[in-house]
Structure formats: structure tokens, C-alpha cells
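Participant: Take a look at the letters that make up each chain.
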Amino acid sequence: MPRLAEAALGSFYAAAAREYDAAAKRTGVVEVDLRFADRRVRMRFAGAGLADALLGALASRSDDGGGEVDATIALWEAQACPAGSLACPWQVADVGPGGLVRGFDFHRVLAVHETYSGTVTLVDSAERAVLHRVPHCGAVPWWERAAPLRPALYWALGGEGRHLVHAGAVGDDRGGVLLAGARGSGKTTVALAALAHGLGFVADDYLLLHAIDEPEAVSLYSTVSICAAPAAGAKIVVDVTSLRHGSLRESLPVRAVAVPRIRGGRARLRRLSPAEALRAWAPTTVFQMPFDDGAALASLGAVVRRVPCFALDVGDDWAELARAVEQVLEQAAV
Amino acid sequence: MPGAGTSLVVDASHVVHETIDGEAILIHLRTGTYYSLDGVGAEVWALLATGTDADALLLAGRERYEGDPVEVERGLSSLLAELLREGLVIEGESQRAAGSAGLPSGRVPFIVPVLHTYTDMQEFMLVDPLREVDEVAG
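The listed protein sequences derive, respectively, from chains A and B. FYI, in the numbering used here the residues of the first sequence are 1 to 334. FYI, in the numbering used here the residues of the second sequence are 335 to 472.
There may be inaccurate statements among the hints.
[To be verified] Listed below are several chain B residues computed to face chain A (Cβ distance under 8 Å; list not exhaustive): (1) 350; (2) 352; (3) 354; (4) 355; (5) 357; (6) 359; (7) 361; (8) 366; (9) 368; (10) 370; (11) 454; (12) 455; (13) 459.
Read the hints as simulated data drawn from the structure, not as lab findings. We treat Cβ as the ideally placed atom computed from N, Cα and C, and that holds for glycine.
Whenever a hint applies, use it, and build me the whole structure from the sequences.
Facilitator: Here it is in C-alpha cells:
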């Protein structure tokens with residue numbers, strides 16, 4: 001991957017922090033603390049409009065109980081900058097997979113540039129401080145409303161054995177079933193079926209995985225993204241708390257991994273080797289969040305070694321699917 | 335085929351890997367391609383992960399695997415060439431300490447190793463995968 005000089009990213013970070021301050025002075029600050037298991041992240045929005053656009057999927061994590069803040073994320077709109085916003089110091093050729101831009105020797109400051117929407121995330125890993133600039137709140141795309149601030153949260157919440165991963169999770173007091181698989185594999189269908197039949201919801205697409213000792217799936221977002229018109233590409237974003245009150249679980253211990261596959265017909269469950277489960281789960285996580293050079297792979301490997309893994313053929317009957325998830329939980333308890 | 339005496343190491347700057355129950359899963363961070371190896375291939379990968387050279391690997395292979403020695407050498411050389419071609423290993427300084435273990439002990443039948451290759455994640459190598467997918471979809 002092409003890498004910028006460290007100085008370029010460092011000075012851009014400092015200039016962007018001043019830009020945030022100017023925007024915040026103009027718009028006022030909306031400060032919200034979010035809690036994800038034992039971590040607290042302070043969000044400092046320059047302007048209420050941006051808070052409204054990005055907080056929806058995270059509202060359930062809001063926590064005003066106080067306590068030590070583990071990371072801060074400062075957010076503003078480029079259009080709120082009185083003197084115009086700073087141009088990024090990198091070229092398109094500098095932007096790697098996942099929008100990642102790095103300095104030569106790294107590793108204090110890095111950037112994630114989503115060139116489609118123009119959103120820029122800057123991370124000072126030493127300070128656990130993140131800057132997040134969007135062009136304007138009206139241009140936040142549907143996927144960012146469904147699962148906002150993934151690169152920012154990756155750095156704010158991640159660490160050794162803690163990773164933001166591509167997976168869903170459902171379950172109850174017995175524990176959780178982690179739903180692993182690529183886009184379109186059926187994770188959302190299984191999560192919705194489980195939700196409709198009384199199981200709790202942790203995530204349909206992205207969650208925070210604690211992989212040290214007993215693995216735990218921690219909820220980030222309260223949303224599911226439903227593909228209403230496949231040809232159009234866009235999805236409808238639905239808050240699960242509006243579907244069933246009390247269905248959202250803050251976290252669940254991972255008791256099993258299920259790898260769904262859309263098949264139609266009858267739901268079918270079979271045991272899967274840990275290696276097969278890892279092959280279905282790891283690439284989609286590593287490639288979607290390439291921010292740690294694949295360090296998540298070892299943690300995912302630890303999870304599939306520890307808990308039983310299953311292949312779940314996703315049929316058309318939601319009641320059958322929910323029963324299959326129940327069977328996974330029952331077999332995992334044996 | 336790597337030349338005689340060529341030292342081979344996993345390209346750790348671009349490749350992450352994990353081996354579970356005799357299956358090695360390899361992810362190339364730059365190309366968006368991932369791979370799996372089992373049986374003979376996974377044993378060879380374990381050796382490469384600690385660094386070796388082509389000659390030592392072929393010698394160890396003749397001791398480890400039953401079968402026609404020419405076929406064993408051809409199969410192992412072909413795998414090494416493919417791993418090099420895919421950028422999973424590179425020629426470089428061997429990291430293996432003198433006297434460390436090679437292939438597992440005992441003799442087992444030689445089954446020609448196959449590098450299983452998966453390219454379904456390459457969309458994520460695009461700068462804006464969601465945009466590209468949406469455009470393709472219509």
C-alpha cells in the first residue's frame with residue numbers, strides 16, 4: 001500500500017483538530033457518552049444535525065452514568081467550517097483497501113477516507129482520539145446510518161483480543177450464537193427470524209468481539225438492514241427495538257458459531273469443522289476492516305477452536321430457522 | 335520452480351495465516367484472495383512459516399512421503415512455485431533456527447497438494463466496494 005510521510009498525516013491531524021474546534025465554536029457541541037460493555041466512548045458532535053444523522057443506530061448505547069472515558073470521537077461537517085474545509089494531503093493512489101491511508105513508519109496517526117461519501121476519519125492511536133469529518137449530514141449514506149462510524153469505533157474500542165468483526169449474534173440467557181458469513185449469506189434473515197420468535201438480538205452485521213478467555217459478542221448497533229429492492233442496492237434500516245421491545249441484548253457470551261447460507265426450502269443444520277467456519281468468517285472480516293493488518297484472524301481462530309460450529313442452510317420458514325438456532329444453543333450446552 | 339538453495343519465507347507483510355485441525359487458511363491482504371491448504375500442503379506451509387529453503391524441503395519431503403520420489407519432488411516443487419507466484423511466500427532470509435523441526439516424523443502416503451484459491455472477496459480491494467457493488471447491481 002502506498003504510504004504518506006508520517007509528518008503529512010500528523011500535521012493534517014493537528015490542522016483538522018483546529019478545524020473541528022472552529023466548527024464546534026460555530027455550531028455548538030452535542031456531547032454524548034456511549035458505553036460498550038466495559039468501554040466508554042465520548043462523542044463530541046459539532047451541531048445537532050450530525051448527531052441526529054449518526055446516533056440513531058447507537059442511541060441504545062447512550063449512557064450518562066459517568067466514569068472514565070476510554071476514547072473520544074470529535075465529529076463535524078465540512079460545510080460548517082467558516083473558512084472552508086481542509087483538503088486532504090493524499091492522492092487517490094494513496095488510499096488503500098478499506099479507505100486506509102498510512103504514514104511511512106506509522107503508527108501514531110492514520111486516516112480512513114471513504115472517497116464515495118467524502119467522509120474522513122483520522123485516528124491518533126496513542127491518544128485514543130478520533131476525528132471524523134463528513135461533507136454534510138444530509139449526505140450520510142444508508143450504510144453509514146445502519147452501522148455508523150465503523151473505522152472510528154474500531155480504533156476506539158479495539159485492542160488485543162478485541163476486534164470489530166463482521167458477524168451477527170442472537171441468543172438468550174443460555175448465551176449467544178454468532179452468525180458468521182459474507183455479505184448476502186443470510187445473517188440478517190436468521191437474526192430477524194430469531195428476533196421474531198423471542199430470542200434476543202445483539203447484531204445483524206457488525207459487533208465487537210472480545211476473544212480473550214470466554215468469547216463475548218458485544219452489541220454496537222440496534223439496527224438491521226433489510227434489502228427491500230435488491231436491484232436498487234440500497235437497504236431499509238430498521239431499529240430492532242421498534243420491532244420488539246426488550247429484544248436488544250448489550251452482550252452475550254458466544255456459545256456457538258453458525259455459518260448461514262441462503263438455500264431456500266427447508267432449514268438444515270449440520271456440524272462444521274472449525275477450519276470451515278474460520279474460512280467463512282475470517283476473510284470477510286479481515287478485508288472489510290483492514291486496519292490492523294489481519295490481526296483479528298488469530299482471535300477469530302481462537303473463537304472457532306473454543307465453541308462448536310455449525311452450517312445453517314437458510315430456508316424460507318422463519319419458525320424453522322428460529323428452531324435451528326434453538327438447536328444450536330441446545331447442542332452447544334451439551 | 336524455485337532455484338536450488340532458494341530460501342523461502344512467508345511474506346509476513348502481506349499475508350496472515352492460521353492453521354486449525356490440519357487446514358491452513360491463508361489471507362493475502364493486498365490481493366483480496368484467500369487460500370486453504372490441507373494434508374501435505376498444510377505440512378509444507380507449517381515448514382514455510384518458520385522459514386526453509388527449497389532444497390531442504392524437497393529432502394524432507396522424500397523422507398516424509400511414501401511414493402515415487404520423482405512424483406513427490408514434482409508435487410512439492412509445483413506447490414512452491416504456486417505459492418511464490420501468488421505472492422504468499424517470497425525469497426528471503428530463512429528465520430528457522432538451526433536444528434529446529436522440519437516436516438512431521440513418520441512416513442505417510444504422498445497426496446499431491448492443492449492450493450485452494452478463493453477470489454470472492456476481491457471486491458473489498460476496491461476503494462469504495464459498496465459503491466462499486468451498487469453500480470454493478472444497477
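Participant: Against this structure, judge whether each hint is valid.
Facilitator: Going through the hints against the structure:
A cut of 8 Å between beta carbons decides the hint on residue 350 of chain B: the least distance to chain A is about 3 Å, and the hint holds. Interface restraint check: residue 352 of chain B against chain A, minimum CB-CB distance 4 Å, threshold 8 Å, status holds. Annotation: residue 354 of chain B was flagged as interfacial toward chain A, and the flag holds, the nearest CB pair being 4 Å apart, inside 8 Å. Contact between residue 355 of chain B and chain A, as hinted, is supported at the beta carbon level, the nearest pair being about 5 Å apart and thus within 8 Å.
Taking 8 Å as the C-beta cut-off, the interface hint given for residue 357 of chain B holds, the closest approach to chain A being about 4 Å. Given hint, residue 359 of chain B at the interface with chain A, holds; its Cβ is 5 Å from that chain's nearest Cβ, closer than 8 Å. Taken as an interface hint, residue 361 of chain B checks out: its beta carbon lies about 5 Å from the nearest beta carbon of chain A, inside 8 Å. Residue-level restraint check for residue 366 of chain B holds (minimum Cβ-Cβ distance to chain A is 6 Å; threshold 8 Å).
At its closest, the beta carbon of residue 368 of chain B sits 5 Å from a beta carbon of chain A; the interface hint therefore holds under the 8 Å criterion. Checking residue 370 of chain B against chain A by beta carbon gives a least distance of about 6 Å; that is within 8 Å, so the hint holds. Interface restraint check: residue 454 of chain B against chain A, minimum CB-CB distance 7 Å, threshold 8 Å, status holds. For residue 455 of chain B, the suggested interface contact is upheld, since its CB lies about 5 Å from the closest CB of chain A, less than 8 Å.
Against a cut-off of 8 Å between C-beta atoms, the interface hint on residue 459 of chain B holds, since the closest Cβ of chain A lies about 5 Å away.
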